[in-house]
Structures are given as C-alpha cells and as structure tokens.
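Given the coordinates of chain A, assemble chain B onto it according to the supplied hints.
Number of protein chains: 2
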Amino acid sequence: MTVDTKARLAELRERMSAQGVDLVALAPSPHMDWLVGFHPMLCERPCLLLVGPEHEAFLMPALNAEGARESTAIPFYVWSDDVGPRAAFAEALANVGGTAARHVAFDETMRIDFAMLLLDALPGAKRSFTDDTLGYLRMRKDEREYAALKKNALIADRAMQAGFAAIRPGMTESELAAIISDHFSAEGAPMQFAVVATGPNGAFPHHHTGDRKLAEGDAVVMDIGGRTDGFPSDITRMAVVGRAPEGYGEIHSIVERAVQAALKAARPGVLARDVDAAARKVITDAGYGEYFVHRTGHGMGIGGHEPPYITATSDTELAEGMVFSIEPGIYIPGRFGIRLEDIVILRADGPEILSGLSRDVYGAAIPG
Amino acid sequence: MTVDTKARLAELRERMSAQGVDLVALAPSPHMDWLVGFHPMLCERPCLLLVGPEHEAFLMPALNAEGARESTAIPFYVWSDDVGPRAAFAEALANVGGTAARHVAFDETMRIDFAMLLLDALPGAKRSFTDDTLGYLRMRKDEREYAALKKNALIADRAMQAGFAAIRPGMTESELAAIISDHFSAEGAPMQFAVVATGPNGAFPHHHTGDRKLAEGDAVVMDIGGRTDGFPSDITRMAVVGRAPEGYGEIHSIVERAVQAALKAARPGVLARDVDAAARKVITDAGYGEYFVHRTGHGMGIGGHEPPYITATSDTELAEGMVFSIEPGIYIPGRFGIRLEDIVILRADGPEILSGLSRDVYGAAIPG
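Residue numbers (numbering that gives the first Met the number 0), protein chains in the order written: chain A, 0 to 367; chain B, 0 to 367.
Okay, chain A solo, but in the shape it has when bound (with noise of 0.2 Å):
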C-alpha cells in the first residue's frame, strides 16, 4: 500500500495537539500501516513508531531493519537480539522529544511487554488510547480505500455462494470452512477468519468452527471474511439445510426487520448508539431481546474491528464515509442462532451495502 505518510503525519500531529497528547506510540498494526503503509512484522521483539510533535522515530529489531529500510524513511533506532530494546528506545524516545511527554496515547493492540518500556519511562504521564487521534481520522474513508472494501465485499460474496453450493447434510463445519477458504485463496484473497455455527453451535456468536457434522433440519450461521489490497471482508448469511428447524423463519423475519431498521437509522449526523437502539429495538419488541447478547456492528478498515463502534453507549457521531457492519443475531441456546451481517458506507443520503448478496435465508437441498 502506498500512502502520503508525510500528510497523515500532518493530520495526525494537528489531532494530537487538538487532543493534547504529546506522543503516540503504534505497535505493528492497522495504525501503523494507515500511517507509513506497511509495518515489520510482529513478534515477540518490541517494534515502535514513536510520533511527538515534530520528530517520528521507529524502534526497529535488527533482523527487521534491512527489509523495512525499504518501505520508509523514519528515522530508525534498531537494536540487536544480544543487546536488546532498551537503550535503543531510551534514544528514539529521546529523539522525537518525549521523554517528558505528558500525554501518551498507545495503539490499543499493543502488546503489554512493549507498552513496559513506554510505562517504565514514563510513570507520570497520562495514558489513552487512538481513539481520538488515529481511531478518529481513520473513521472516514476515501474512494481508494472503498474501492478495495468493495473488492473484497464482492470476493467474500463469492466465497459464501461457493459454501453454499457445497452444504451436504454429513459434512463437518471445518470441511465447509475449508471449502470456502479455497474460493478466497482462488480469488488472492486469503481467508482469515471462518465461523461457520452449525445447528446448537449456531447459538455461540464466536463458535470455533469444528468437527461437527451438518444435518438435516440444522441452521447454519456462516461469518466469513478474506483480504487482498491491504483491507478485509466480512460478512454472515444464514443457509438452513432441507427443512428449516421450528421456529426458524420468524426469527429470522425478525433480525431482518433489526437489519432494515438500523440501515433506516443510520445517517450522517446519527449517533452511533441510536443505530444500535434501532436494530435493538426490533428485537426487543419481538420479544427476543435477552437474545441479542453483542452490539450492533463495528468499524471496518485496514482493521477488521475499528471505530465507530455500533453500541448502545457510543456517542461517536455517524458521518459520510464511515464504513461499518451491522449485524444484529438472536441466538437460542441449545437449538440455533440467527445473525445477518451487512458492511455498509454511510453515504450523505443513507449507507450504501457492499456486498450485493440478498440476506435471505440460503436453502441447501437433501441430494437424492
């Protein structure tokens, strides 16, 4: 990904003063690859990107320094596995003019072991994360980045129709997820996260796709994303195999209407919860509301999850541009789970759909 560090930088140091802080630090993340376009990759050797107010710096492991050396021009502070971080980010810190810093906002991914060296030199400071800096400028997308959501929106389209087409009645979830994971590496667009909930599983929002079999009569909750160009997917659709467990079609009548009515809400001006309170309501009045146990939806960008969060407290203000998914479910224990997932772009007059697969309910034949 190619991006103009030097004006985000800009914009970033123009959030952080309107914002007071006086140093962000970004571990290798989706922040990292907004700003400088790219990061090293994680492990378990403390890598920074320090900015103060005039200066940046990176704190680079040695083995990562030939191969990142490429990609920017940040000044480096590299430090060797025999010597370790310590002195080398004593120096960077030094050099982008924080060692006094007040105010430290830290990407909210960083890994504790890192933030230690930030914590350690810093104890008085005030600590907040990017929400308001770079969660903040990052809410809003440009046409370049909506052109790769679409991409890859249309990319996971076709992977869930190729799921589709492959359901049998005997085959495991993990065979499905596989299926469909092949369809994303055809399309250069590895997956990257499969839930696929079958039957009583369908009732755990974060199922970990397994060995169960699909059987006649069970619902399936598919949640499926890939990324290609830098940016994900992300998407459910339900698929019900022969006949439709008891119960099934009102329920999911019911998300759909939960589905519609935050598409309805969700307006340039809107509060993020009062999206949320639509698609809630809904279900609440249906009188499933126990059920419905996750907010309504989250940010998506180079993060999979990001700002603006869709939940009954956000006071984050919808604006045009703003990419996120809406994706009310209802889930009863013990027989299925309901959830349909929509990533949408606010646009001035509503949010427009990225993928362009209806949400009805998919259903796979019995062969024979």
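Source of the hints: derived by calculation from the structure; they are not laboratory data. A hint or two may mislead.
Note that identical chains are pooled: a pair holds if it fits in a single copy or bridges any two copies.
[Said to hold, decoys possible] The list that follows gives simulated cross-link-like pairs (lysine to any residue, SDA-like), each with its CA atoms no further than 25 Å apart:
| hint | residue 1 | residue 2 |
| --- | --- | --- |
| 1 | Lys212 | Phe37 |
| 2 | Lys212 | Asp228 |
| 3 | Lys150 | Asp181 |
| 4 | Lys125 | Met115 |
| 5 | Lys125 | Thr98 |
| 6 | Lys212 | Gly187 |
| 7 | Lys149 | Pro189 |
| 8 | Lys212 | Tyr247 |
| 9 | Lys125 | Thr108 |
| 10 | Lys125 | Ala86 |
| 11 | Lys280 | Ala61 |
| 12 | Lys5 | Tyr247 |
| 13 | Lys125 | Arg157 |
| 14 | Lys149 | Gly303 |
| 15 | Lys212 | Thr71 |
| 16 | Lys150 | Pro74 |
| 17 | Lys263 | Gly19 |
| 18 | Lys263 | Thr1 |
| 19 | Lys5 | Ser252 |
| 20 | Lys150 | Gln259 |
| 21 | Lys125 | Asp112 |
| 22 | Lys125 | Ala99 |
| 23 | Lys280 | Ala64 |
| 24 | Lys5 | Glu53 |
Leaving out everything else, chain B in the frame of chain A:
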C-alpha cells in the same frame, strides 16, 4: 485439547509462591491454552483469566460466555457490550483476592487496553511477565506434547517437499507459498506463516512473501509452519533455481557447520547463551559475524515463539524435554540469504531433531 487444569493450576501456584507473584493475568494466548485447554476468540473485547493465590476467575465478554462455558468450570464474570468490562473486572479481581496484589505477572502478549484494567486497579504493584511462572513451567514438554510437535514437523517436511517440487523460474514467491499452503491444508494443518524469500529478498530474515518472480540463479529461503492438534511447526530450508549464485556453496556450508556446532553444544545443564555462542563462533570465525543479525533460536510449544530463547545473553539452563529451534543464518545484502532451521527436543544425551529432512540445499532443475 484436554488438559488437567487442576494439576496445572497447582503447579502454577507453587511457582507463583516461589517467585513472590500473587496475581497472574492471562489473555487469550498459548499460556491460557496450556492452563485451561482453550481460549475464547481474541478480539478488542477484554477477556482475562486471573489466577490468585487460591481462586481463579474469567473476565468474559457476554457473546463468548455460552461457548466458553462448555470448556471450563472456572467462574465467569460476564460483561456485555452495552455496559463495558469495568464492573465485572473489579468483581473478578476482588474474588481472586487480587485487590491488594503486590506483584502481578502479565501475559506478555496481552493487549495494553486489557492490561490497563489491571494497571489502573493496582497502580503500586510490581509488574513482571510470565517468564518465571508459566514460561518456566511450559518450557519442558511431556511426551504427549512431543508427539503433537513431531506430527506437525513431519507434515511440514512434506509441505516443504511439495514446495521444492513446484519451484519453477517465473513463478512468484506468493504462488510458491500458496502451493505449500495447499499441502498444509490437505494434511489438516493450516499454514500459519511462510517466508518465501528469493534472490536478494533472502537477505531480509522476515521478508514479506510477495510478487517477485523466481529466476535462474536465485537462492530461495523457505521458512514455513502450519498447525494442528494445538501445536505448530517451523522449519527453514534452502533451494536454488538452476545454478547457485557465486559463493553460495561456501556460505551454505558455514551455516550448516553453525547448526552442527549448536547441536553439539546443546546438552542438559548448558546455558542457552552457550548454544548461541557455539553457532555464532563458527560464523564469526568464517568472517560473516556481522551478517548473522539474529539470535540462534527460540523455544516452541503451543506458541510458535516461547522460552527458552537461544540468545547471546540468556542465562536459561537447558534441560531435558525443552523444545527449541536452532536457526543460524547469513544475510548478504543485495545478493541472498541462507538460513537453516531445525526444531529439536533436548534429550539426556543431546538434541533430537524433529524433522526428517536433510539440510542440504535443494537444487531445482530448470525445465526444458
């Protein structure tokens, strides 16, 4: 993975007591897998396993609670997206007797936003990582762990051979990695990483596999790993396309001698740094010391990188049952890199190599 959590908690508490640690805090990670046999999906929602002197508790996001309940009887302190984790965390901390903890050992992989809950609650506590507790306990592998690692190593051997067989001038690094990935998948051990670094890219130890096309005369570093049965593999071998580049043979044989020196040095009772020194001396004496830019190896178990680290400064005393890599390398900027990596388990009389694959360079023929 089924584990005897009660026995492992007892082992952990004995070690905590010996080290003066009165609270261990784990994130979804290999440490959690080792202790309780599973981990909930890691996302941005704080999920912690707190272990106090007598009690333990899970801080658990609501949407993972139903699924996780099937895997453990440890008490859950559940929080939902609309309320946030603070109150549940405070209750969990109090109930493991952690409110006045004086020494907290953090899972070093924990996200700083999870860790901040503890840092805010225990501002005066001593902070350390798990090297002396979980890291220490997990270094020595039992025969069940050995069996899983051995199985993975042999799958990786076959994936490597599938890669060797596919090498052709004109294919890209990514295409070669995809063939290796297909092999891992076909054996039920999804690929976790593949550094395929061709020609001058080989000089970057952590090269991002990319679009460079293989050409005649390229040396190819292939560092690959998959995962099944809860354990990983990790192996590096070399290939050349047609005629090897000038000087290749000499440097390959230096790296091979460095591997052999490390294998010879690695005995129970020896310090990890002496194994690093043995490999490094061969390379330094041959005049390439400055081109060996990383440690000699890392431990491997549930985690791909874990103690013991085989570095120039490690005082860890090696013992029977420890599993670690030996992977010296020489990286000539602009030309090529050579790394040879084997995973070994330390036996009473020395290291047993898990792979059955020769460390000789694989010569890929030029077709036609």
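Original post:
Where does the structure disagree with the numbered hints, that is, which hint numbers, in rising order?
Top reply: Of the numbered hints, 12, 13, 16, 17, 18, 19 do not hold.
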